[in-house]
Amino acid sequence: MRAAVKAPPSYEKMPMTEETKSKYSKTGDRIFRLIAAMCAMMAFVIIIGIFLSLVHGSELSLKKFGFRFLISQSWNPVTGEFGALSSIYGTLVSTFIAMVIAVPMSLVIALFLVELAPPFLSKTVGYSIELLAAIPSIIYGMWGLFVFAPFMSDHIQVFMGDHLGFLPLFQGPPMGIGMLTAGIILALMILPFISTVMRDVFLMVPPVVKEAGYGMGATTYEVTKDVVVKYGIEGLVGASFLGLGRALGETMAVTFVIGNSHAISASLFEPGNSIASTLANEFTEASEPLYLHSLIELGLILFIITFIIQAAAQIWLKRLNRDVGIR
Amino acid sequence: MKLRPKFQRKLVDNSVKVISTISAAVGIAFLVWILFEVVSRGASSLNIAFFTQPTAPPGIEGGGVANAILGTLIITTIATFIGVPVGVMSGVYLSEFGRASMFGKAVRFAMNVIMGVPSIIMGMFVYSFMVVTMGRFSGIAGAVSLSIIMIPVIARTTEDMLRLVPDSLRESALAVGTPYWKLTLSILFRAAKAGMTTGILLAVARVSGETAPLLFTALNSPYWPESITQPTANLTTTIFNYAMSPYADWQEMAWGASLVIMAGVLATTIAARSLSKES
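In the order they appear, the protein sequences are chains U and C. Numbering of the first sequence is given in numbering that gives the first Met the number 0, commencing with residue 0 and proceeding in unit increments. Numbering of the second sequence is given in numbering that gives the first Met the number 0, commencing with residue 0 and proceeding in unit increments.
Next up, chain U with everything else stripped away, as it sits in the complex (with noise of 0.2 Å):
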């Protein structure tokens, strides 16, 4: 037979005194979790807030012009025909140059710091290039502007026209602004980002692995490309997404350089348009009511290109089960 074994009086059913009861009232801390749940509600009341505050905005151009709306391009505040396909490929265009010229670059930056530079110089350069992404984007543009949109049109578009002048792509006058000087600067500001977490992803690998591939004679190059890269592969991808979702709302260095027209050109050289750069531009100007809804419009369309991107890129950094990134 088991001895009988007397179970503990609980916490609750200790007798308490006046003074114990008052000593752990439960109160204040019922009112502080109340006001702490309440502050984390704000995260959706936001969420909630923005998407049902630009879809009310946008009213009317959401009746009078429908899904056409993503499909023309015509832009005319005087007949009051608007349509968003410009703003859409213009900031799917500075986009795509932003990616094709950051991430690779972000790749072999994350590399050198993790791989090949010494601590010292790793420490430097990593704080350096993580500074790029505290400068306001307001800098960018006034940069971009006055000194780099001028270097580009003296130099680089010059050159790009004179070699690769024969593809439709770099064919225009040189004017320094539009879409390939928007693109490079947005590669910019999104490399800290991308590099950042790619290099947080370099150094999740472990050094067991990267040492089998050494111990086998293989090269730095050949370890990168074949072990780090293959086992963070998830990680440098949600790190693309991030800076993904950066550039596709970056709006000042945007509307300072990419020229603010409304056609759509195959030239890169050629003045564009992008839903931020439009949304700075003409928001304050827009007096007739369906001006001011079709721009409304443009942010819920971008709102929701965003919101997706954010969201596959969290479920998808989510799976590493760790946080990167700059804080």
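Accuracy of the hints is not assured; some may be wrong.
[Said to hold, decoys possible] Residues from chain U that face chain C, not an exhaustive set, calculated with beta carbons under 10 Å:
{"hint": "1", "residue": "F68"}
{"hint": "2", "residue": "I70"}
{"hint": "3", "residue": "F111"}
{"hint": "4", "residue": "S127"}
{"hint": "5", "residue": "F147"}
{"hint": "6", "residue": "I295"}
{"hint": "7", "residue": "L301"}
[Unchecked claim] As a list, the in silico DSS-like pairs of lysine-lysine whose alpha-carbon atoms are at most 25 Å apart:
{"hint": "8", "chain 1": "U", "residue 1": "K224", "chain 2": "U", "residue 2": "K317"}
{"hint": "9", "chain 1": "U", "residue 1": "K229", "chain 2": "C", "residue 2": "K9"}
{"hint": "10", "chain 1": "U", "residue 1": "K122", "chain 2": "U", "residue 2": "K224"}
{"hint": "11", "chain 1": "C", "residue 1": "K16", "chain 2": "U", "residue 2": "K209"}
{"hint": "12", "chain 1": "C", "residue 1": "K276", "chain 2": "C", "residue 2": "K192"}
{"hint": "13", "chain 1": "C", "residue 1": "K5", "chain 2": "U", "residue 2": "K209"}
{"hint": "14", "chain 1": "C", "residue 1": "K16", "chain 2": "U", "residue 2": "K229"}
{"hint": "15", "chain 1": "C", "residue 1": "K5", "chain 2": "U", "residue 2": "K229"}
{"hint": "16", "chain 1": "U", "residue 1": "K209", "chain 2": "U", "residue 2": "K224"}
{"hint": "17", "chain 1": "C", "residue 1": "K5", "chain 2": "C", "residue 2": "K16"}
{"hint": "18", "chain 1": "U", "residue 1": "K317", "chain 2": "U", "residue 2": "K209"}
{"hint": "19", "chain 1": "U", "residue 1": "K224", "chain 2": "C", "residue 2": "K104"}
{"hint": "20", "chain 1": "U", "residue 1": "K25", "chain 2": "C", "residue 2": "K181"}
{"hint": "21", "chain 1": "C", "residue 1": "K104", "chain 2": "U", "residue 2": "K317"}
{"hint": "22", "chain 1": "U", "residue 1": "K122", "chain 2": "C", "residue 2": "K276"}
{"hint": "23", "chain 1": "U", "residue 1": "K317", "chain 2": "U", "residue 2": "K229"}
{"hint": "24", "chain 1": "U", "residue 1": "K122", "chain 2": "C", "residue 2": "K104"}
{"hint": "25", "chain 1": "U", "residue 1": "K224", "chain 2": "C", "residue 2": "K9"}
{"hint": "26", "chain 1": "U", "residue 1": "K122", "chain 2": "U", "residue 2": "K25"}
{"hint": "27", "chain 1": "U", "residue 1": "K229", "chain 2": "U", "residue 2": "K209"}
{"hint": "28", "chain 1": "U", "residue 1": "K209", "chain 2": "C", "residue 2": "K9"}
{"hint": "29", "chain 1": "U", "residue 1": "K224", "chain 2": "C", "residue 2": "K5"}
{"hint": "30", "chain 1": "C", "residue 1": "K192", "chain 2": "C", "residue 2": "K181"}
Rather than coming from a laboratory, the hints here were simulated on the basis of the structure. Glycine residues also receive a C-beta, built at the ideal position from the N, C-alpha and C atoms.
Got chain U sorted already, so can you dock chain C onto it with the hints?
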């Protein structure tokens, strides 16, 4: 399997190493280039009037951006007073009450998503619920839009920093009968002080350089800020308006203002980072 010649493999390896070093150098070169241009072009327009006079019409001698500097300080301060308590309390919720609950996970997810929403969208959001309702652009609307950008950044850093505090500290405080709110405010916050301060300073630095959300909310004004319910002058929108203007003297002022805002943001960022490194 056919082995590639050793020479070829070494060549590829070395060229990748060279490319990767050059890329890092290019990144730094751009940083130096931007810093150099802003400092050299901005320094010439800095003088006493720049910091003491309000903005002047183009062509008129003198004038500064003092009203814009003051406006930016006011807007950022109000944004901080709204954003920090909400952000910190959300962080407390995530770390102390909602670590593993569905609600906590959903909040964490939503915060991360908000961090990636373009700041110009925040401007439109606040425009539609404050500017339209109040009937005019106002400094307070600008501050609210900036605070919305701050909240997720502060919430996530606060959560991370509180999680670093060992559970044994919580348990020993609870064992002697400390209520949870007191434990959080006077023990956890104290233990995580350095990290939380860094997070808050980084968030403040980031929003003080924001332009896009202010375009539709605080707008801009050529006068001294008198009331936060009126359009309020601020540095970043002033830079935008001045740079886009055809007047050479305004463009010079824009460079001066760029230098001021960049120096402020970078100094705060560097200070914040060195703070967390010390602890």
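Do the hints match the structure? See the list:
1. F68: violated, 17 Å
2. I70: Not OK, violated: U:I70 not within 10 Å of chain C, min 23 Å.
3. F111: This interface hint holds because 4 Å falls under the 10 Å limit.
4. S127: Constraint on U:S127 satisfied, holds at 5 Å.
5. F147: holds, 9 Å
6. I295: holds, 6 Å
7. L301: holds, 6 Å
8. U:K224 / U:K317: Within the cut-off at roughly 24 Å; holds.
9. U:K229 / C:K9: Answer holds: U:K229 to C:K9 is near 21 Å, not above 25 Å.
10. U:K122 / U:K224: holds, 23 Å
11. C:K16 / U:K209: Judged against 25 Å, a Cα distance of about 17 Å means the pair holds.
12. C:K276 / C:K192: holds, 13 Å
13. C:K5 / U:K209: Since the Cα atoms of C:K5 and U:K209 sit roughly 20 Å apart, the hinted pair holds (cutoff 25 Å).
14. C:K16 / U:K229: Roughly 19 Å separates the two Cα atoms, so the pair holds.
15. C:K5 / U:K229: It holds: about 23 Å lies between the C-alpha atoms, which stays within 25 Å.
16. U:K209 / U:K224: holds, 11 Å
17. C:K5 / C:K16: Roughly 16 Å between the alpha carbons, so the hint for C:K5 and C:K16 holds.
18. U:K317 / U:K209: At roughly 24 Å apart (the allowed maximum being 25 Å), U:K209 and U:K317 satisfy the hint.
19. U:K224 / C:K104: violated, 35 Å
20. U:K25 / C:K181: Since the Cα atoms of U:K25 and C:K181 sit roughly 12 Å apart, the hinted pair holds (cutoff 25 Å).
21. C:K104 / U:K317: holds, 11 Å
22. U:K122 / C:K276: This hinted pair holds, its Cα atoms lying about 13 Å apart.
23. U:K317 / U:K229: holds, 18 Å
24. U:K122 / C:K104: Violated, at about 33 Å.
25. U:K224 / C:K9: Roughly 14 Å separates the two Cα atoms, so the pair holds.
26. U:K122 / U:K25: Violated. U:K122 to U:K25 sits at ~48 Å, over the 25 Å cutoff.
27. U:K229 / U:K209: Given that 25 Å is the threshold and the Cα spacing comes to 11 Å, the pair holds.
28. U:K209 / C:K9: holds, 18 Å
29. U:K224 / C:K5: Distance ~17 Å between U:K224 and C:K5 Cα, so the pair holds.
30. C:K192 / C:K181: Within the cut-off at roughly 15 Å; holds.
Hint compliance for this structure: hints 1, 2, 19, 24 and 26 are not met, and every other hint is.
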